[in-house]
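Asker: Chain residues, written in single-letter form:
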Amino acid sequence: MAKFNLHPERFFDSNPEVRNLAGKIYRTTQDMPIISPHGHVDPWLFADNQPFPDPAELFLIPDHYLYRMLYSQGIRLQALGIPTRDGAAVETDRRKIWQTFAEHYYLFAGTPSRVWLNHEFAVVFGIEETLTADSAQRIYDHILEKLQTPDYLPRALFDRFNIEVLTTTDGAADTLEPHRLIRQSGWRGRVIPCFRPDAVINIHAGAWRGEIERLEKACGFGIDSFQHYIQALEQRRLFFRENGAVSTDQGIFSPYTHELSAREAEALFQKALQGTATEADAAAFTAHMVMEMARMSIEDGLVMQLHPGALRNHNQAVFDQFGADKGCDIPVMTEYTHNLRELLNKYGNDPRLTLVLFTLDESVYARELAPLAGHYPAVRLGASWWFHDSMEGMRRYRRMVTETAGFYNTVGFTDDTRAFPSIPARHDLSRRMDAEFLADLTARHIIDLDEAIALGRELAYGLAKKNYKL
Amino acid sequence: MAKFNLHPERFFDSNPEVRNLAGKIYRTTQDMPIISPHGHVDPWLFADNQPFPDPAELFLIPDHYLYRMLYSQGIRLQALGIPTRDGAAVETDRRKIWQTFAEHYYLFAGTPSRVWLNHEFAVVFGIEETLTADSAQRIYDHILEKLQTPDYLPRALFDRFNIEVLTTTDGAADTLEPHRLIRQSGWRGRVIPCFRPDAVINIHAGAWRGEIERLEKACGFGIDSFQHYIQALEQRRLFFRENGAVSTDQGIFSPYTHELSAREAEALFQKALQGTATEADAAAFTAHMVMEMARMSIEDGLVMQLHPGALRNHNQAVFDQFGADKGCDIPVMTEYTHNLRELLNKYGNDPRLTLVLFTLDESVYARELAPLAGHYPAVRLGASWWFHDSMEGMRRYRRMVTETAGFYNTVGFTDDTRAFPSIPARHDLSRRMDAEFLADLTARHIIDLDEAIALGRELAYGLAKKNYKL
Amino acid sequence: MAKFNLHPERFFDSNPEVRNLAGKIYRTTQDMPIISPHGHVDPWLFADNQPFPDPAELFLIPDHYLYRMLYSQGIRLQALGIPTRDGAAVETDRRKIWQTFAEHYYLFAGTPSRVWLNHEFAVVFGIEETLTADSAQRIYDHILEKLQTPDYLPRALFDRFNIEVLTTTDGAADTLEPHRLIRQSGWRGRVIPCFRPDAVINIHAGAWRGEIERLEKACGFGIDSFQHYIQALEQRRLFFRENGAVSTDQGIFSPYTHELSAREAEALFQKALQGTATEADAAAFTAHMVMEMARMSIEDGLVMQLHPGALRNHNQAVFDQFGADKGCDIPVMTEYTHNLRELLNKYGNDPRLTLVLFTLDESVYARELAPLAGHYPAVRLGASWWFHDSMEGMRRYRRMVTETAGFYNTVGFTDDTRAFPSIPARHDLSRRMDAEFLADLTARHIIDLDEAIALGRELAYGLAKKNYKL
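Residue numbers (numbering that gives the first Met the number 0), protein chains in the order written: chain A, 0 to 469; chain W, 0 to 469; chain X, 0 to 469.
The reader is advised that the hints may include incorrect statements.
Here are the simulated DMTMM-like pairs of lysine to aspartate or glutamate, each with C-alpha atoms no more than 25 Å apart in a straight line [as the list claims (entries may be wrong)]:
1. K325(W) <-> E334(X)
2. K464(X) <-> E102(W)
3. K345(A) <-> D319(X)
4. K270(A) <-> E241(A)
5. K345(X) <-> D319(X)
6. K468(W) <-> D349(W)
7. K325(A) <-> E334(W)
Computed from the model, here is a short list of chain X residues facing chain W with C-beta under 8 Å [claimed, not checked]:
8. E16
9. N19
10. N338
11. P350
12. R351
13. P370
14. H444
Note that these hints are calculated values from the structure, not bench results.
This structure is a prediction, so every number in the text was calculated from the model and none was measured.
C-beta: ideal position from N, C-alpha, C; glycine also.
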């Protein structure tokens with residue numbers, strides 16, 4: 000039986016001086032509480048607090064990081080039990096799905112997915128053998144048994160994971176019912192919403208009209224003008240704040256910002272109501288709404304996040320059969336210097352605004368983002384994101400950002416995950432990589448160990464707490 | 000006499016743990032057979048099997064990697080014996096050319112060219128002193144003497160190099176005569192063609208009409224319509240397959256793909272026949288022909304390769320005097336996410352297609368190529384190419400690609416060389432750098448040594464064999 | 000009291016083999032004279048040779064690297080004594096400014112600014128404690144006392160710093176009076192001008208007309224035609240050469256080059272004189288003037304430098320209040336392959352031209368700049384610049400440039416600084432990072448130690464001397 004190789008000093012550079020220093024720094028951060036300021040875990044998990052049904056449902060089916068890799072090597076999504084939009088039959092035998100996954104687990108060598116999964120298997124579930132075709136069913140049984148016990152209910156795991164705050168992502172019209180239920184339950188886990196209005200901002204999307212109707216219901220008044228629309232968003236932001244939210248988020252294609260005149264905004268809004276808005280209209284409307292969101296953040300204090308740069312649903316056939324978020328969002332080159340100029344000129348010097356910028360285009364780290372964050376009081380840099388939430392991605396991020404932006408214009412780690420049990424693994428990797436980066440600076444006599452330890456604790460916990468106003 | 004410094008653990012990180020592990024991994028791959036699935040060695044070398052004439056002709060004159068560097072420091076190409084298009088006189092004294100090269104060999108410090116040449120001098124020719132102004136003529140004599148012996152004939156070197164397959168690059172109208180002669184000769188070296196139709200696809204090039212006439216001759220029928228043109232290409236692909244080909248290749252400026260209607264395609268083809276096709280016409284025609292090549296690959300099983308992103312013949316004066324491939328092709332920013340979308344939507348989910356993507360723009364590795372390869376079943380990533388076929392280039396490639404695409408969506412090493420004797424040196428460097436990358440993962444306890452060794456053997460040999468269907 | 004940590008082997012990789020070799024290489028370059036071939040130190044410093052007034056004035060107020068970071072964390076520029084354009088009051092208490100700076104010195108952890116400042120404090124001023132809120136006034140006193148002594152006068156520091164040549168940056172109409180006074184003074188420090196005509200080339204800038212008038216005065220004739228304008232520039236270049244200049248420089252937004260016809264150039268010039276030139280006119284005029292500058296360099300032998308890629312004064316509010324060069328210039332993506340093609344086709348093969356290219360866009364190092372420098376005889380690559388003048392920036396530069404361009408197509412280090420006392424610190428960091436890079440190649444058995452030492456000395460001194468014709 001091949002044993003899991005969870006070495007206590009894993010991921011650190013094997014140069015003895017760096018490894019030794021990294022260990023010292025990491026051991027001061029490894030047990031700090033987790034702040035997860037942005038992610039996609041379903042809040043109903045904690046409202047309902049029901050057992051996870053089985054390993055396939057827990058690990059594989061909600062995680063497009065995993066099945067995209069299997070799909071790239073010729074395994075059909077149907078065979079992995081991914082539900083179809085039209086209800087066409089897919090594999091329902093969870094043990095068979097798990098077996099397929101196990102037989103292809105070797106594909107994940109060298110990827111962060113395996114790093115996280117190994118951590119989950121070993122640390123969260125106490126599994127001692129690696130996942131292979133042979134061990135698959137034993138591991139399935141082991142996990143299934145654990146999942147039936149109270150220690151593996153969502154709230155128990157949340158507590159065991161030492162999560163101080165977990166932020167979910169919620170639509171503008173959402174009722175935040177699970178968040179209310181959590182608060183009323185007496186359980187003290189802090190699960191807070193984040194206001195993400197993409198669905199009511201993208202006026203070119205087919206679903207927009209329906210989303211506006213949901214928004215009308217949520218607000219209790221009709222939305223037949225741009226002015227009412229803005230009022231509705233302001234009211235919903237207030238509602239989110241009352242329900243614990245500290246931040247907003249926008250997942251946009253381009254970070255282009257440009258303010259429209261009142262008349263132009265109204266005209267686009269009326270086109271949208273009539274269902275005649277074009278893709279160009281939607282881009283102009285979004286550029287204006289990013290400006291509006293900044294203005295609102297200055298007024299209500301919610302931290303503003305931007306996640307641009309993914310061409311969503313690149314694979315039309317997969318989208319048609321299985322829907323969104325199926326591992327076929329592909330990044331594009333993203334420009335910030337010109338695109339954000341109008342927003343930053345209007346709001347970037349205002350100390351009341353915190354604008355956290357993310358990117359999928361690493362070429363902008365040193366060229367655009369670090370210089371912007373190293374100048375504008377409002378700008379902070381989010382962690383290395385999505386495809387770059389990895390050992391190498393984190394290393395490139397710190398190396399390309401720190402010298403111009405410093406550490407204090409960054410906001411700590413963001414896991415951005417849908418996979419709840421991967422949260423400790425992801426924060427652990429981040430703390431290790433930051434420890435290694437600081438250890439290298441220490442070994443080079445650029446900072447000293449005391450400072451490295453203090454910085455490590457800021458990166459692991461302090462900066463997230465401060466910048467997200469938690 | 001300064002001795003060559005071919006240290007057995009050269010190129011490895013000097014961190015003892017990594018170096019030690021890299022050595023262990025490398026020693027399991029160093030003697031594996033060489034698969035060279037794409038390159039530009041002249042097949043007549045092996046059909047004729049005549050001695051190489053002299054060191055200058057063997058090393059310098061066919062290798063634009065070398066003389067571009069000398070040219071950049073003020074040495075005229077005439078002085079290096081590079082033939083002119085109009086036959087204007089150039090240096091013909093090969094010993095003088097060699098002396099000039101030797102005197103400037105210091106310019107190559109830190110470049111892969113010197114790494115390869117030192118390997119060729121030391122390992123292939125058994126030379127024990129470094130190339131300097133002083134040693135130049137002694138080394139010339141040494142090499143010249145070796146070249147007269149049977150052990151240094153092309154086929155003998157091919158066998159000694161332990162080459163299992165060598166792929167050449169051949170035009171759509173080529174007769175593949177040398178490949179036929181090789182097979183008929185009784186020699187068992189496997190030298191196979193690759194179908195590269197660039198010359199008959201670029202309808203804006205002055206030579207296009209003549210290439211179509213060559214194609215007509217090769218096919219035995221007139222090509223006066225787009226339909227006949229497609230028939231001709233399909234017939235030639237079949238001919239290539241019958242002569243051992245397993246792949247096609249396209250060297251294009253942009254990877255833009257877009258299907259034309261039958262009428263549009265015919266109209267462009269007729270413009271081309273009349274000699275009035277514009278540069279924009281050629282771009283549209285190429286975008287359509289990339290689509291067509293994918294369709295044909297699905298039908299006939301040939302692996303499809305794309306090599307985009309070089310602005311060819313940047314230096315007009317050098318092109319006018321000396322022709323193409325003279326070291327003045329300069330890369331440009333290259334976009335894949337948008338450009339390949341139409342092709343991938345139509346063919347990317349088809350398990351019969353293998354599309355190997357190369358790039359000269361490293362900023363797309365992590366941003367576009369790894370996410371595409373980590374999702375689409377048809378997509379594989381070619382090795383780090385041309386300017387990036389180097390120690391640092393290979394390291395950046397693995398570091399930026401692996402975490403999203405894994406190892407199994409890459410296809411092993413491609414030397415892409417015109418310089419036959421450099422093939423073992425190039426594969427050796429690649430095996431060393433892959434060993435180092437895997438050693439680092441092992442030293443960080445991310446994979447274990449057994450897995451690293453298995454992966455090393457896949458990267459050195461297995462993945463090329465499998466993905467190129469050899 | 001926390002002691003400064005200026006370890007003798009600071010900044011080197013802590014891997015013992017690399018550190019040891021890097022130390023050996025560095026110790027052969029650390030005491031070589033400094034050539035500073037491009038920068039922004041005020042020549043009047045050395046003409047007047049007056050004491051620096053106080054620490055805030057010496058370190059902080061002229062250095063936008065420092066106050067941009069403080070500003071990014073919410074400290075108003077007024078509180079740092081940065082003068083306003085309209086004369087509105089700012090903090091004048093230099094001790095208070097210094098205290099504010101000291102209290103926020105922790106923000107610079109991991110940045111090159113702190114590396115340089117620590118060197119200046121420790122090596123130039125002999126300060127033994129770190130800068131903190133507590134030590135701020137003691138350090139202020141210490142520096143203030145030193146500044147009163149003859150050893151800290153500008154010329155004494157210049158001599159102590161072992162500067163062989165210091166190049167300033169001077170407008171086309173400048174009188175070069177300080178340079179003349181320096182030569183006449185009997186002091187032997189070599190402070191030479193560099194011809195930077197940006198102000199008379201940017202025909203869209205409001206100040207252009209006034210700059211042309213200054214140019215007319217400097218030349219002694221009226222400039223009412225493009226022909227006269229060119230004559231004026233040629234005359235001024237001659238004047239600069241007579242005053243010791245060896246180079247020109249252009250800080251342009253894009254490196255686009257395109258020659259206009261004589262009629263087109265004249266028409267744009269007349270539009271400019273009438274004050275009706277548009278931004279597009281200015282771009283076309285600049286593209287032509289880069290061509291003209293290359294032609295003139297071939298004629299008069301001045302080395303030509305290009306510094307493109309910064310969007311200047313991104314923050315309009317800061318520009319309106321405080322003017323240019325206030326830390327809000329943000330880089331943009333920059334293209335060289337297409338943009339420089341016309342210039343290089345016309346002049347790039349001419350051995351009389353030396354064109355030194357800089358960039359703020361690291362993605363072009365390996366993709367465009369190294370291939371251009373590795374082919375065209377005229378092209379050389381300037382050092383990693385501005386935001387990339389840092390430990391990581393230098394490492395990325397060598398790693399992405401060397402394998403294609405070699406060492407000999409680079410021109411050594413350029414500090415490009417306004418902060419005179421930081422010059423030794425900057426050259427020291429560069430020499431250390433080059434030593435580390437060469438040590439790594441040596442430890443990997445790619446070059447040997449003798450060669451590494453010879454190359455180290457070229458990078459530290461020889462290449463600057465040769466390429467800038469000093």
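Asker: With reference to the structure, classify each hint as holding or not holding.
Answerer: Verification of the hints:
1. K325(W) <-> E334(X): holds, 22 Å
2. K464(X) <-> E102(W): Since the Cα atoms of K464(X) and E102(W) sit roughly 22 Å apart, the hinted pair holds (cutoff 25 Å).
3. K345(A) <-> D319(X): holds, 13 Å
4. K270(A) <-> E241(A): violated, 33 Å
5. K345(X) <-> D319(X): violated, 41 Å
6. K468(W) <-> D349(W): holds, 16 Å
7. K325(A) <-> E334(W): Cα-Cα ~22 Å, so holds.
8. E16: Nearest chain W Cβ about 4 Å off; hint holds.
9. N19: violated, 10 Å
10. N338: At about 11 Å, which exceeds the 8 Å cut-off, the nearest Cβ of chain W leaves the hint on N338(X) violated.
11. P350: With a minimum Cβ separation of about 5 Å from chain W (threshold 8 Å), the hint on P350(X) holds.
12. R351: Constraint on R351(X) not satisfied, violated at 11 Å.
13. P370: holds, 5 Å
14. H444: Holds - the Cβ of H444(X) comes within 8 Å of chain W, reaching about 4 Å at its closest.
In summary, the structure is inconsistent with hints 4, 5, 9, 10, 12 from the numbered list given earlier, while agreeing with the others.
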